[in-house]
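Reassemble the complex: the two chains are provided individually, in unrelated frames, and hints are given to aid placement.
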Amino acid sequence: MTVTAVRKDPEHLTMTLDADFDATPARVWQLWADPRQLERWWGPPTYPATFTKHDLTPGSRVEYHMTGPEGDQPRGFWDIVEVDPPRALIFRDGFANDDGSPNTDLPSNEVRVTIAEAGGRTTMSIKSVFVSAAAMEQVLAMGMEEGLMQAVGQIDAILAEDTVPSG
Amino acid sequence: MVVSMQIAPPDFDRMFGALADATRRDIVRRAIDSEEGVAEVAGHYAMSFAAVQKHIAILERAGLVTKERIGRRKVVRTNLEGLRIARRLLDQYEELWRGRIGRMTALVAGTAEQPEEPDR
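Chains as they are written, first to last, in numbering that gives the first Met the number 0: chain A, 0 to 166; chain B, 0 to 119.
Hints should not be assumed to be uniformly reliable.
Which residues of chain B face chain A? A few of them, derived with a C-beta cut under 10 angstroms, are [as the list claims (entries may be wrong)]:
1) 31
2) 32
3) 96
4) 97
5) 98
6) 99
7) 100
8) 101
9) 102
10) 106
11) 108
Label pairs and their in silico Cβ distance ranges [what the hints assert, rightly or not]:
12) B:47 with A:52: 54 to 62 angstroms
13) B:68 with A:113: 38 to 46 angstroms
14) B:94 with A:81: 20 to 28 angstroms
15) B:70 with A:72: 52 to 60 angstroms
Everything labelled a hint here was simulated from the structure, so no lab data went into it. Please read all numbers here as calculations on a predicted model, not as lab measurements. Just so it is clear, CB atoms sit at the ideal spot from N, CA and C, and this is done for glycine as well.
The following block holds chain B by itself, in its conformation from the complex (with noise of 0.2 angstroms):
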């Protein structure tokens, strides 16, 4: 049965929800060049099998993780494209800000339209 690629469109609340864990965070991390079963991944944890796998679980429904199956075994791998999103969203907002203070810039240097003549 293959449960690779099953990424559910992107729902940012979920995503954002999933990454504000640590050690969800880690595992994200981890698994980015790493091939390691549910259960090698919970060994680097000081918590339970079910509790790492619940973590997991939780990634995996924001799409930020898949579960594929090799063998017998079922690799952990992180979503890059799923990252990928979420951080342009925070990206966005910088470039919407940097944009605003671009142009603040420029009515503050823009001396000669403003009646009050700024301290140099």
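Isolated chain A, as found in the complex (with noise of 0.2 angstroms):
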């Protein structure tokens, strides 16, 4: 595992995670900058990921979608905020209807990527910013249906044990 560091701030709702890579900035740039290779690791292997639109320029609207074991593709877009190729990427990952149009019934959350050489490697930071954490529950239920499911299926567990009618 090349996570180096993780902080969790309840209070902040931010999420900040450093990895260390064997490989030159402009290496980790293209994992970024290169939609097939984005392809790759987006999503998890059970939600693949496929960019349709993809040009990280400040002002510009990434596209995407994911395709579920059901067949079923939850869109999401990014709006890219700030470009510094191979150091910095700010964007702003939120939910899209299935027309590709940004649902702003649902709240985004933003990313700050940043990349810098360490001594012949690279670390990478990644900082997620919530504006709420029912922002964080849509992000989570988006990409990680699996453990969500779980959680939710505990959260019925510890309810039922309550006094509390279903539904």
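Following this line, the structure appears as structure tokens:
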């Protein structure tokens, strides 16, 4: 595992994760800048991502969808805020409707990627800022179906033990 | 009247909102293994009884503490399950990114498939 540090701050709804790669910053940048590379890691194996529009220019919109085991295709987009290859990328990751337009009912979260050379290796820091816990929950629902289903199952089990009627 | 275990279905915003305050987090920590009533809890803080009572009410609505009447007292207890749910949400997000970074690492390491040879 190349993840070197994780800082979770429930107070500010942020999570910062540092990772270390045996590669150059340019190579790590490629993971973000090349949509075919991006598709190989953005979604979990059970929910592979397909990027249909990809242009890392401030103000532009990246569009993607994921394909689930049942053929379901949740859609998402990135609104590119800042780009400084191969050092920095800031975007808002949001949900899209079936026609690809942003779903404004669902909140987005901001992802700040920082890439730096460190002694022949490369460190990448990912900072996610959520506007609310509900936003976080939504992001989880789309990319981590399995884990979330387990959590929901657990929550259901907890609730079943209590006196609250279901539904 | 039994007031214990009146846990609302998880409301993550409410949960994290409740945790977004140092005093409330301290109350949650304290109430994990103590059997203090509201008045005793209030005694730990340099603020009015009413203010502490308000904090406890916020935690209670978020499902993070329960108040159980024991005799004449209402004992404040941390609802560990509520805390676990909040934590699990953050943990899952961490897992999501750990998965991504694992795949990124595999991609970077699989140089044979890449047009460019990364410097080592």
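Now the hints, each set against the structure:
no., hint, verdict
1, 31, "violated (16 angstroms)"
2, 32, "violated (21 angstroms)"
3, 96, "holds (5 angstroms)"
4, 97, "holds (6 angstroms)"
5, 98, "holds (6 angstroms)"
6, 99, "holds (5 angstroms)"
7, 100, "holds (5 angstroms)"
8, 101, "holds (7 angstroms)"
9, 102, "holds (4 angstroms)"
10, 106, "holds (6 angstroms)"
11, 108, "holds (7 angstroms)"
12, B:47 with A:52: 54 to 62 angstroms, "holds (56 angstroms)"
13, B:68 with A:113: 38 to 46 angstroms, "violated (52 angstroms)"
14, B:94 with A:81: 20 to 28 angstroms, "holds (27 angstroms)"
15, B:70 with A:72: 52 to 60 angstroms, "holds (58 angstroms)"
Consistency with the previously given hints fails for numbers 1, 2 and 13, ordered from lowest to highest.
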